[in-house]
Amino acid sequence: MKAKSLVLGIIAGGTAAAVATLLTAPASGKETRQKLSANKDEVMKQLSDVKDSLLEMKQSISTLSKEGKTSLETFLHDVKLSVYEWKLNTDSNKAELQKDIKEIEQTIQDLESELAPPAKQ
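Residue numbers (this note's numbering): 5 to 125.
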């Protein structure tokens, strides 16, 4: 909800309440004017408080957005760095593992040839 819509809704609601009060007031015109004057000050104070609260909320959201963006950028940088380091580590391990696999395959072939029964002639 936009702040402008909220403020307009509050003003419209306050105006409707004031009109309803005027139309249903059992008091005399002078008394009603005094009450309206007193209520006007209270409504203006409440509107001022709402405005201040909305400005604070806007500032908080702006700050949160900036901090979130900074945190997200830092997080993404850290993730990219971690993935890069992981790739470097796995590349060296991969080459070593391939060498070990070839040695194991050669050992298996040697064992198979030693254990194979002699061919019949």
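Careful, some of the hints might be misleading.
Said to hold, decoys possible - Below are the DSS-like pairs computed for lysine-lysine, each with C-alpha atoms no more than 27 Å apart in a straight line:
#	residue 1	residue 2
1	K34	K6
2	K91	K106
3	K55	K70
4	K103	K44
5	K70	K8
6	K55	K8
7	K55	K34
8	K6	K106
9	K39	K55
10	K91	K6
11	K34	K44
These are computed hints drawn from the structure, not numbers from a lab. Quantities reported herein were computed from a predicted structural model and do not represent experimental measurements.
These are the hints, each one checked on the structure:
Restraint check: the Cα-Cα separation between K34 and K6 comes to about 39 Å, which exceeds 27 Å; the hinted pair is violated. Using a Cα cut-off of 27 Å, the hinted pair K91 and K106 holds, with the two alpha carbons roughly 22 Å apart. The hinted pair formed by K55 and K70 meets the criterion: a straight-line CA distance of about 23 Å does not exceed 27 Å. For the hint pairing K103 with K44, the CA-to-CA distance comes to about 87 Å; that exceeds 27 Å, so the pair is violated.
Of the supplied pair hints, the one linking K70 and K8 holds, its CA atoms being roughly 23 Å apart against a limit of 27 Å. Simply put, K55 and K8 have alpha-carbon atoms about 10 Å apart, close enough for the 27 Å limit, and the pair holds. Under the criterion of a C-alpha separation no larger than 27 Å, the hint pairing K55 with K34 is inconsistent with the structure, at around 31 Å. For a cut-off of 27 Å, the pair hint linking K6 to K106 is broken: about 67 Å separates their Cα positions.
Using a Cα cut-off of 27 Å, the hinted pair K39 and K55 holds, with the two alpha carbons roughly 24 Å apart. Taking the CA atoms of K91 and K6, the gap is near 47 Å; set against the 27 Å cutoff, the hint is violated. At most 27 Å may separate the alpha-carbon atoms for a hinted pair to count; K34 and K44 meet this at roughly 15 Å.
Of the numbered hints listed earlier, those contradicted by the structure are 1, 4, 7, 8, 10.
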